[in-house]
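Top line first, the protein sequences correspond to chains A and B. My numbering applies: residue 1239 is where the first sequence begins, and numbers increase by one. My numbering applies: residue 176 is where the second sequence begins, and numbers increase by one.
Treat the hints loosely; a few may be bogus.
What the hints assert, rightly or not - No farther apart than 20 Å at their CA atoms in a straight line, the calculated lysine to any residue pairs in the SDA-like style are these:
(1) B:K383 <-> B:I396
(2) B:K305 <-> A:A1330
(3) A:K2318 <-> B:P210
(4) A:K2225 <-> B:K255
(5) A:K2321 <-> B:I486
(6) A:K2225 <-> B:P210
(7) A:K2318 <-> B:F485
(8) B:K360 <-> A:N1839
(9) A:K1568 <-> B:Q260
(10) B:K255 <-> A:E1559
(11) B:K266 <-> B:S449
(12) A:K1288 <-> A:H1354
(13) B:K266 <-> B:G389
(14) B:K276 <-> B:E240
(15) B:K492 <-> A:Q2330
(16) A:K2225 <-> B:I396
(17) B:K266 <-> B:C249
(18) A:K1836 <-> A:T1818
(19) A:K2321 <-> B:P499
(20) A:K2337 <-> B:A495
(21) B:K310 <-> A:P2282
(22) B:K266 <-> B:K391
Derived from the structure by calculation, the hints contain no laboratory data.
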Amino acid sequence: MAEDHHGSSRHMSASQKDLGDEDARVVRVGDAERTSERLEYAGNAVRTAKYSPLTFLPRNLFEQFHRLAYVYFLVIAVLNQLPQLAVFGRGASVMPLAFVLIVTAVKDAYEDWRRHRSDRAENGRLAAVLSPGEGAGAQFRPTEWKHVRVGDVLRIVSNESLPADMVLLATSEPTGVAYVQTLNLDGESNLKTRYAKQETLSTPPDQLTGAVIRCERPNRNVYGFQANLELEGESRRIPLGPSNIVLRGCELKNTAWAVGVVVYAGRETKAMLNNAGAPKKRSRLETHMNRETLFLSAILVVLCALVAALSGVWLRTHEEELELAQFFHKRDYLSKDKDGNYNYYGIAAQIVFIFLMAVIVFQIMIPISLYISMELVRLGQAYFMIRDTRLYDESSNTRFQCRALNINEDLGQVKCVFSDKTGTLTQNKMEFRCASIDGIDYSDITRQQPVEGDRIWAPNISVNTDSELVKLIRDGGDTYQGRHTREFFLALATCNTIVPMITDGADPKKKVIDYQGESPDEQALVSAAAAYGFVLVERTSGHIVIDVLGEKQRYEVLGLHEFDSDRKRMSVIIGCPDKTVMLFVKGADSSMFGVIDKTINSDLVQATEKHLHSYSSLGLRTLVIGMRELSQAEFQEWQMAYEKASTALLGRGNLLRGVAANIERNLRLLGASGIEDKLQDGVPEAIEKLRQAGIKVWVLTGDKQETAISIGYSCKLLTREMTQIVINSHSRDSCTKSLDDAISMVDKFQSFSTDSQARVPLALIIDGNSLVYIFDTDREEKLFEVAIACDVVLCCRVAPLQKAGIVDLIKKRTSDMTLAIGDGANDVSMIQMADVGIGISGQEGRQAVMASDFAMGQFRFLVPLLLVHGHWNYQRMGYMILYNFYRNATFVFMLFWYVLYTGFTLTTAITEWSSVLYSVIYTAVPTIVVAILDKDLGRRTLLKYPQLYGAGQCEENYNLRLFIFIMMDSVWQSLAIFFIPYLAYRKSVIDGASLGDLWTLSVVILVNIHLAMDVIRWNWITHAAIWGSIVATWICVMIIDSIPIMPGFWAIYKVMGTGLFWALLLAVTVAGMIPHFAAKAFKEYFTPSDIQIAREMEKWQDTHDVTHPEVQMSTVVRV
Amino acid sequence: MDPFEVEGDSRKSNKPKYSKFTQQELPACKPLLTPGIVVSAFSLIGILFVPIGLASLSASQEIVELIDRYDTSCVPMTDKVGFIQNSKTDKTCTRTLTVPKQMKSPIYVYYQIGDFYQNHRRYVKSRSDKQLRYKEAAGLTKNCEPEGNSADGAPIIPCGLIAWSLFNDTYTISVNKKAIEVNKKGIAWQSDKNNKFGSDVYPSNFQKGNIIGGAKLNESIPLSEQEDLIVWMRTAALPTFRKLYGRIEADIMANDQLTVVIQNNYNTYSFGGSKVLVLSTTSWIGGKNNFIGVAYLTIGGLCLFLAVGFIVLYMFKPRALGDPSYLSWNRDILD
């Protein structure tokens, strides 16, 4: 929406200082040598690639080791290299870390290679640069982009991309206008107009040499630019603004050529400065995971300390025997020193060594593979979200986009949605609906019909016309009413910044006009004017041509005060064909009624106000239009002030605003317009679903209160039975008072609701002014109290930063997951503030999308995104993390029990390669596959019962209780795995390698069956992954045991030949699974969760999907 | 994101292609733990496990095992360590055993050492597998220290603590005063003899140090034929273990008198270990061990109990599966 759009750009430029001479960048036109003489300006070569072949290794490793877990594993790998602590062989000890690092490095290298390739292509493109010619005069010669320098003069032809940020000097158009498409910069596909200054327009480019441009330092504000141009031999400085600069990445369109001088190049261009990635966010689950990781670390330390202490005790009690015990051999009898001990440094040192060795042996208690698994799983989940046909928007041809890859699971826990209105709930396709002209309301829909008759001009947006109004314009003649009506439409046609693009239509007699502009409201108004016979057909920087009822008239544009969010209006000063000078102003009613001369016709003002009220109750966006004829004196006075202000270097913006405010007064009211912004498809249904899912929906809009409320009704956000609390104050005190009233009201309703069954739903409607007072005076706490008690919160007239403030209000005070959704630049701060930011890739450009974590085409996609994908992502990720903890803990506990029978010396019966491969290969694939593919419930069920979303909100799939349970399970299973074979093989000939192989296989089978038991949907991939993993483990163990120089050579083949081996494998598996199976069976039947019941319902209803469950469940005993 | 990455042709549809995989609609089965499945799973396990348990118990019962701990009786009461370390003393020791039940051939003769940590880290790592296999790798003794090289620096083959501590008690067995052969061929794994111990690797510098850990080796026999060493080198998993000494390929009748003449050379006294002679027949569950049978019976019994328990629970607190009225938001309304 236009006002917010402009508002945000003003906000952005506020960060930039006024241009002073001392910190200006001096560019000598056509003289790159001297330009860069004193200060080295960046060349035009760009580098988006992060690494070079030389720096890749150190930089990539440095970045990877930002993960604390990797540092932990590095320290362990280093510790293992000390001879006293060498637990694993060199290769085995660094393998897991090396594996993870290499996988990530290969991924990074590939991405960087692609960037290198695109950089090379980009830098190698050709541009025509003016080079001082020898003899024959200056010529434009093709030069590679990377050799373009600041100060070079470039010539760009139509459809060519701009290699750098340039100030326009001349264009093929006599008026100096150039059209650019900024698709690559902000995604807006409409054409923008840029102008070359009149002063440079006619000078041949080679004669401009010597001119100096002073401009501000490079900054990332795409919508701001301040500079001035000093021509050689002239002391006058010509002001340059945002409309005189074209930016790198844009394309020249509909203009044969343009000549400009480079002011910012390469990495200093605005496009490159804006090329920062989305902000890093961390998912809630990952934060919780860190808490459990700490618990695991504590367990690890306890285990290690226990082993170290016990080994101390053991050494102490056996101290006398160590010297002669063959298995210890404390003394080195061969050393010269007769008392020399071999590798024995006393009990204290031994305890320290044992402790450190224990850390090395038990290291996988902290699951290293979990981090890479999570990344892979998120990648897989993102793949499915992107590929979901239900998240594809036909109208804008966009798929779902995952821009942030690390918060997928947060989508399953959202409790509060903050939504923008325009473009998010509504389509942001403005349609002119009705007008109040001269106090007469033309809003009767029944009278409206499509434009009839043969017209030469066919605007691309068709508008229905009111037949009476058409008649009045055509036949009204010189009546007072007719004149006013014509002036009204003339104002609509002139008071804007729309550029008409004329193309030949299918019918040779007709010309199609495409109205290009930055504001959809203006497009609607100009199209409406065209429908009523005031067709804007040409715009240059100096004049516009309007086809007034078939007669082309030329109007001089003498001045234009652009829209800004302080004034909330814009104005043009027009020189009419009859030499009169007119001021047309349009703007928001609140600002316009302040500058309208109410004494002229107070009845008219009252009638218009009434109409405005009814329009906004219909949910229409209203604008008020006024005008004034300027006397010659007035005009000249204004012109002087305007010129002075627009060439000022300091505070130009403020001065121009002052000039505008000075002229925009005592206006005559012409009328008002009502523009409809249609709701997007499915918005009411989506909001209803979200509400059922227990998600609070807050709407934050820049619109007026009445408009906001009526939109609230139409999208079912507000209902008739709701009690509305309105805070709408104009002063600090009244604001405090209404807030106190609101609190007492909330209290009253809350105490009331405890008695009765039906709670009265509350809705809070608050406006931006009140929010300013509240945030200023530390009443945030009170606002929070009220807001949290209300079912719906509607904030109207809020500025972009306030949106972020409101999100922060909730984020700071609750642990509720917040989601912000918006489409415009004004939503950027809110999107970045919220836990999850979603951009709508719609009409208003791509800034919201660029700042978002996820982007999609329609608001209604929020329902499948949260309720289906969010639910799945959360459930899958939560289970995967728990499972990874369990899986590794089981292994570590099993190792621990064995250590108790080895004199506490941390021998492992399991080969070191199996220890290392355990979490990387033996058990990694199934958990990743399950976390990507498993679904607890089908899409249909999740959408049918939105309440099921509550599972994520209450953290049902990942919490401390589940963690403790799964850890208990892990202890039990490790006991079963260790002690059943131990007791069976006590006092037997069993060798370490054979027993180790049995343990390896048992633990892998057990954890995979544990996973299998928790899988909800079995498809062939799941089957392949789980059973395949067990087979793969078996093969790996066999391969390891086929290497003759391994101590355990051939053990697996030997042990598989004994009946006891198979009997033990079966006993371990069954004994290990009984508690989990029994608890699961009990819980699912006697204390079922909603999800469980929904699963059952799904099963019984879904007849064609049913297979025989017995077949599956028998897998438990199938081994 | 690269701002200059060319956006796809806007006219081409970006609509994701439909496939069962991408829409996550692959055909799948959704097993549910219905009462029927739970009860039958438990019953099935119970029915399967109880007979296996009984079978292994009876198999274990059929095994005849003769156990004789001799380390305490074969040394004088005082200064056991001095006695065993003295290479001059006669360490012959005679033990007489009575066979309780008929033992069918083959009868395995084991020695069982107690509290000897063959799985101690210092011990387990002290070997060089390459040296055992390859003649050229004789010098690879790094892991074997301090039993890696002799005093003059020549590599010890086989090096390391494990080989150094080779068991050296010997048994001569006679039944009813008639000597009986203990076959010491084929006691090691064939795979070890063929592939793990080199047939061209001969012992050298072995047991020549200041302190003798155990048996000496005949330097003219290659390692692949030193079966006692091969058995010993396959380190035991647990602190108390048995190792195969030999096989008696004749039946021994019940109440036969077994006389065993032991050369009690091996020092277990310095660390308080024990030495036991074991004669045992064998079956599919290996040696005599009731545990596996008991374990199966326990698990089977527990499963049957759980099956009954669940049946009772299901009868007392039945719940219709998939009844929407159990959903929490529907329950709230009913309450």
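Here is what the structure says about each hint:
no. : hint                : in the structure
1   : B:K383 <-> B:I396   : holds, 17 Å
2   : B:K305 <-> A:A1330  : holds, 18 Å
3   : A:K2318 <-> B:P210  : holds, 12 Å
4   : A:K2225 <-> B:K255  : violated, 25 Å
5   : A:K2321 <-> B:I486  : holds, 15 Å
6   : A:K2225 <-> B:P210  : violated, 43 Å
7   : A:K2318 <-> B:F485  : holds, 12 Å
8   : B:K360 <-> A:N1839  : violated, 125 Å
9   : A:K1568 <-> B:Q260  : holds, 17 Å
10  : B:K255 <-> A:E1559  : holds, 13 Å
11  : B:K266 <-> B:S449   : holds, 16 Å
12  : A:K1288 <-> A:H1354 : holds, 9 Å
13  : B:K266 <-> B:G389   : holds, 14 Å
14  : B:K276 <-> B:E240   : holds, 9 Å
15  : B:K492 <-> A:Q2330  : holds, 17 Å
16  : A:K2225 <-> B:I396  : violated, 31 Å
17  : B:K266 <-> B:C249   : holds, 8 Å
18  : A:K1836 <-> A:T1818 : violated, 23 Å
19  : A:K2321 <-> B:P499  : holds, 18 Å
20  : A:K2337 <-> B:A495  : holds, 13 Å
21  : B:K310 <-> A:P2282  : holds, 14 Å
22  : B:K266 <-> B:K391   : holds, 16 Å
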